[in-house]
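Colleague: Residue strings, one per chain:
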Amino acid sequence: MMDVSQSALHPGGPKAAAILQLGRFLWITATVVYVIVMGALFYALRSGTTRPATFADTDADEPERERVRTRWVFAAIAATAFILLLFIFVDVSTARTMSRVGGEKPLRVDVVGHQWWWGVKYPDTANPQNIIETANEIHVPVGRAVFIKMTSGDVIHSFWAPNLDGKKDLIPGHETRTWFRADSAGVYRGQCAEFCGHEHAKMAFYIVAEPRAQFEQWLQSQKSEAAQPTDSLAQGGERVFLSGTCAMCHSIAGTGAASNVGPDLTHLASRRTIGAGTLPNNPGNLVAWILDPQSIKPGVKMPPNKLDPQSMRALVAYLGTLK
Amino acid sequence: MREEDEIREKLETSWDEGSGLWAWLTSTNHKSISKRYIVTAIVFFILGGIEAGMIRAQLARPENRLIGPDLYNQIFTMHGSTMMFLFAVPVMEAVGLYLVPLMIGTRNVAFPRLNALGYWMYLFGGVLLYIAFFYNTGPDAGWFAYVPLSGPEYSPGKRVDIWAQMITFTEIAALIGAVEIITTVFKQRAPGMSLNRIPLFVWAMLIMSFMIVFALPAIVVSSSMLAMDRLIDTHFFNPAEGGDALLWQHLFWFFGHPEVYIIVIPALGMLSSMIETFTRRRIFGYPAMVLSLISTAFLGFGLWVHHMFATPLPELGQSLFTAASAAIALPTGVQIFCWIATIWSGRPRYTTSFMFVIGFFVLFIIGGLSGVMIASIPYDLQAHDTFFVVAHFHYVLIGGAVFPLFGAFYYWFPKMTGRMLSERAGKWNFWLFFVGMNVTFFPMHILGLFGMPRRVYTYLPEMGWGNLNMLSSIGAVIIVASVCVFLGNVWVSLRRGIPAGDNPWDGSTLEWATSSPPPAYNHLFIPVVEGRDPLWDMREGELAVVTGLRTDRHEGLLTSIMDAEPEHRFEFKGPTILPLLLAVFGGGSIVIAIFTPWGVTVGSILSLVILVCWFWPTISPDYDTPRKR
Amino acid sequence: MKHRPVGDVSTLPDHAFSHHAPIWWGNLLMIFIEGTAFAILAASYFYIRRNFDAWPPSGTLLPDLGVSSINLLVIVISAAPFWCAARLARAEASVATIGLWLTLGVLFGVVAIVLRGFEFAALHTRYDSNAYGSITWTILAVHLAHLLAGTLETFLIALVMFVGPVEKKHYTDATVMAVYWYFIVISWVALYLIVFIAPRFI
Numbered sequence: 001m002m003d004v005s006q007s008a009l010h011p012g013g014p015k016a017a018a019i020l021q022l023g024r025f026l027w028i029t030a031t032v033v034y035v036i037v038m039g040a041l042f043y044a045l046r047s048g049t050t051r052p053a054t055f056a057d058t059d060a061d062e063p064e065r066e067r068v069r070t071r072w073v074f075a076a077i078a079a080t081a082f083i084l085l086l087f088i089f090v091d092v093s094t095a096r097t098m099s100r101v102g103g104e105k106p107l108r109v110d111v112v113g114h115q116w117w118w119g120v121k122y123p124d125t126a127n128p129q130n131i132i133e134t135a136n137e138i139h140v141p142v143g144r145a146v147f148i149k150m151t152s153g154d155v156i157h158s159f160w161a162p163n164l165d166g167k168k169d170l171i172p173g174h175e176t177r178t179w180f181r182a183d184s185a186g187v188y189r190g191q192c193a194e195f196c197g198h199e200h201a202k203m204a205f206y207i208v209a210e211p212r213a214q215f216e217q218w219l220q221s222q223k224s225e226a227a228q229p230t231d232s233l234a235q236g237g238e239r240v241f242l243s244g245t246c247a248m249c250h251s252i253a254g255t256g257a258a259s260n261v262g263p264d265l266t267h268l269a270s271r272r273t274i275g276a277g278t279l280p281n282n283p284g285n286l287v288a289w290i291l292d293p294q295s296i297k298p299g300v301k302m303p304p305n306k307l308d309p310q311s312m313r314a315l316v317a318y319l320g321t322l323k
Numbered sequence: 001m002r003e004e005d006e007i008r009e010k011l012e013t014s015w016d017e018g019s020g021l022w023a024w025l026t027s028t029n030h031k032s033i034s035k036r037y038i039v040t041a042i043v044f045f046i047l048g049g050i051e052a053g054m055i056r057a058q059l060a061r062p063e064n065r066l067i068g069p070d071l072y073n074q075i076f077t078m079h080g081s082t083m084m085f086l087f088a089v090p091v092m093e094a095v096g097l098y099l100v101p102l103m104i105g106t107r108n109v110a111f112p113r114l115n116a117l118g119y120w121m122y123l124f125g126g127v128l129l130y131i132a133f134f135y136n137t138g139p140d141a142g143w144f145a146y147v148p149l150s151g152p153e154y155s156p157g158k159r160v161d162i163w164a165q166m167i168t169f170t171e172i173a174a175l176i177g178a179v180e181i182i183t184t185v186f187k188q189r190a191p192g193m194s195l196n197r198i199p200l201f202v203w204a205m206l207i208m209s210f211m212i213v214f215a216l217p218a219i220v221v222s223s224s225m226l227a228m229d230r231l232i233d234t235h236f237f238n239p240a241e242g243g244d245a246l247l248w249q250h251l252f253w254f255f256g257h258p259e260v261y262i263i264v265i266p267a268l269g270m271l272s273s274m275i276e277t278f279t280r281r282r283i284f285g286y287p288a289m290v291l292s293l294i295s296t297a298f299l300g301f302g303l304w305v306h307h308m309f310a311t312p313l314p315e316l317g318q319s320l321f322t323a324a325s326a327a328i329a330l331p332t333g334v335q336i337f338c339w340i341a342t343i344w345s346g347r348p349r350y351t352t353s354f355m356f357v358i359g360f361f362v363l364f365i366i367g368g369l370s371g372v373m374i375a376s377i378p379y380d381l382q383a384h385d386t387f388f389v390v391a392h393f394h395y396v397l398i399g400g401a402v403f404p405l406f407g408a409f410y411y412w413f414p415k416m417t418g419r420m421l422s423e424r425a426g427k428w429n430f431w432l433f434f435v436g437m438n439v440t441f442f443p444m445h446i447l448g449l450f451g452m453p454r455r456v457y458t459y460l461p462e463m464g465w466g467n468l469n470m471l472s473s474i475g476a477v478i479i480v481a482s483v484c485v486f487l488g489n490v491w492v493s494l495r496r497g498i499p500a501g502d503n504p505w506d507g508s509t510l511e512w513a514t515s516s517p518p519p520a521y522n523h524l525f526i527p528v529v530e531g532r533d534p535l536w537d538m539r540e541g542e543l544a545v546v547t548g549l550r551t552d553r554h555e556g557l558l559t560s561i562m563d564a565e566p567e568h569r570f571e572f573k574g575p576t577i578l579p580l581l582l583a584v585f586g587g588g589s590i591v592i593a594i595f596t597p598w599g600v601t602v603g604s605i606l607s608l609v610i611l612v613c614w615f616w617p618t619i620s621p622d623y624d625t626p627r628k629r
Numbered sequence: 001m002k003h004r005p006v007g008d009v010s011t012l013p014d015h016a017f018s019h020h021a022p023i024w025w026g027n028l029l030m031i032f033i034e035g036t037a038f039a040i041l042a043a044s045y046f047y048i049r050r051n052f053d054a055w056p057p058s059g060t061l062l063p064d065l066g067v068s069s070i071n072l073l074v075i076v077i078s079a080a081p082f083w084c085a086a087r088l089a090r091a092e093a094s095v096a097t098i099g100l101w102l103t104l105g106v107l108f109g110v111v112a113i114v115l116r117g118f119e120f121a122a123l124h125t126r127y128d129s130n131a132y133g134s135i136t137w138t139i140l141a142v143h144l145a146h147l148l149a150g151t152l153e154t155f156l157i158a159l160v161m162f163v164g165p166v167e168k169k170h171y172t173d174a175t176v177m178a179v180y181w182y183f184i185v186i187s188w189v190a191l192y193l194i195v196f197i198a199p200r201f202i
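Protein chains in written order, with this note's numbering: chain X, 1 to 323; chain V, 1 to 629; chain Z, 1 to 202.
Okay, chain X solo, but in the shape it has when bound (with noise of 0.2 Å):
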């Protein structure tokens, strides 16, 4: 398939670089006081070999020994507090740093949260009719900051690419927000980390980090209808389309489709995956997917089409068709 990043160890921003900084930190620090704790716990197991066998019978240098352990244990005391302050202190300066947008004006979108995908839309304040909606793949530009804006549809999931910034949730009734930006040109693979039912599993999406002149072109070529199909297999399939059950749940912009219980399609062709990062999209999983996706992702709310292959064949060719 396609290459895959989806780990909190390979930052593409400048958020997750200093998360990732910050654990750096976090881990050298644990591990020397690990290693002290220890040494000091197996040093004492073994001078007890030395000890008197029972309480009764204690050293004479009793108070002497009892004075050197409670130095030890004040200072040990001391130094916890000590790192404990300097872990506050660092933790607190890179919550500065992550929530400072730098540079131009952030892009938009707004992401929705349903069972099991994610709806996508990039406002247009100035247009309002050019508000673009597609599902589980957000294309973003390198170096420009992005800012989302997000609700939920149904139960609470969680926004997570770990390579770009830390999770967010998305809770029915609030709004929640959150900022990140890719340096890097890539594909980021994110991920629901809220527990949100069944396929909580097969609920991922992709964030596609492309240099700012390939966004735009990705921009202008979303904000178009759907093209007409041309070849007569595609036009079937495009009757099929509408007059068999898809259109009840989704909807293709340019045609009667315009339901929303389910992923926009317009542009389904463009994109990586379907069924919210489970399958990769080509024909074959098309085929598989629309036939029975409950076999695919039990549990989706999908229903099975048992569509004659004829009808099947020209569905698929037009959703091929919706670059």
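The calculated lysine-lysine pairs, modelled on DSS-like cross-linking and capped at a C-alpha distance of 25 Å, are:
(1) V:573 / Z:168
(2) Z:169 / V:573
(3) V:10 / Z:2
(4) X:301 / V:158
(5) V:573 / V:10
One side only, chain V facing chain X, incomplete, derived with CB under 8 Å:
(6) 285
(7) 312
(8) 319
(9) 337
(10) 341
Keep in mind the hints are simulated off the structure, nothing from the lab.
From a predicted model like this one, the values you see are computed outputs, not experimental measurements.
We put the beta carbon where it would ideally sit given N, CA and C, even for glycine.
Keeping the supplied structure of chain X fixed, place chains V and Z upon it in accordance with the hints.
Modeller: Chains V and Z only, in chain X's frame:
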């Protein structure tokens, strides 16, 4: 001596509960009840472990088709709910309810019938959950049951209702246990056991009980709200009608975070007992230890928001929770340093119990350090709800609670049964668990950072998580082997174990001053405590005692709260079937309420009848002359 | 184990009052548990408040002060018979007199329970209307459950005083019952202020 034999004989007669099924159903002796409490909790531990094994089997390979999402979601919900509600808290309380009366030198807990009721409620709650699970009605919204997923719209059917009512059962049981322990410790300590002579284990149980009293009402209220949203159409959590999904999270974690300390604090008490005995030294810094436990309990209530860093909350407020989460590391650190100082001054004996104590240090400190990491908001936003967190809290709970508990089991099993567990099998038990635990859970830290979220039933092969998951699953097999060794050890030792004698480990606290297993009345005479370690402080091998309690009835001695001066005598209630009946009717009404609100009404009326019998006075002649009107 | 007797407790009394008695502690812990539950309900009330522009929600009338204030008065005055009963019990007075005071307490309880029925109507909302209705009904209902339990328990103790075999420890029970009733009274004063008065200001 003849005199003592006479008293013993009389006590044997008056405290005898008989044998057979009826005696079993009506027992109100804290030791009988605690023993079945412990056994029940271990059964649930095994069931929860089997669920964990199924989770590991499913996740061992990418795109595994062993378990589908519907069953998987039930299994991980059952695993979490079982381990938290049916194993960890009950087993800690059960050990406390067994040992506290023995350690403070009293004959039973303060309210013996209530104690029995607590056990039955707990048992029925657990059985309800598992019956439902076997009929494919196991809860599947997570042990945290976040709304709206767990609400009426997204979890139709009875699955979540079962969960909410199971909570009601087990929380009633836990609250009863807490009330028992607090009252017993406050009023029934042996003469002379002033506050500064209370064994650290008893302090820990006392502090845990107070945490239960203030933390559990939050879950009782919120799970009732959830049940009402589901059953009678209230709108507490429905955003469309002004309810709020985050209200659930606040209430749940206001309980859920203290819950962790409710589990760990008793374990810390067990550690103090074992470290003292196996190093043959008093615990270093007793006042510091007590104050640390108390401050941990207080701080434990100020951390709940650190489970909600990814939700929209004011940032300043969140930073305060970071600071509080970091601060709680300090009292924990104090205790660890004091224990190390104790070990340093003493001469350790490497028994299986003590091995588990060392295991605690090695594992729990890893969990503590990763806990400080996720107290940081930026770091937590990456780690939250990933396998990093799964690794973290398994190090905390297995390292911090299960290891001390296993140690405690090897330590107090001889007292409870009169026989020693095999040390050889014990070492196998320890090493397998220690290795298995690390192999299972350490890789999860890395998986989390590699982007693997929690609660997923499968993952794609190209994610690259397969190898570490396989390793983790192999570790789970090792843990299973360890638990099997443990069960085998118990099975064999119960029959052929070396007889223990009164005080096999040369312990210093009062439970070792009586026979193993202890008689129904615990101590022949109520001991008088003259120091912090009564059995080590004994002069010429003689235990100071008070005499004069009646032997023909279940009489106990009450002492003052601070200095434990004898104040007055009182009578423990004896065996009765009423607690079981109340649990049947009261519990029945909770279960029927899932199907019709009338369940509550009918159950309440039936329960009322039982309560009248419960409270109706029974006067035996010659005790306290009935008052003339 | 050899024993060294250092004291004889056979002459100690066999009952005690206040914090010397275990039942007093059991009762106090029960109050802590239920008080925490009330506090959580109150916190939820103010939390839910934030989701509404108007409180009560627009279209819902303010809760009536008539019947609720009368009931507040009834509940507050009801503490008096319990106080008298507890004082007499403490003085180990005649059980019939204590029983009479407790019976008076039961009567107050019954009146409060009946008035509580009208208080639900005075809210002008229903538990299934919206979150405001849910939380206010629940607060009233949970407190009602306390009134019911307290009244029944008092009735039972009064009955013991009249017909049952009475031990000295039943004096303690009467005092503990009074403490529980004070809790019912005090918690209602707070909850009344929240449910009936606060909507006029927040």
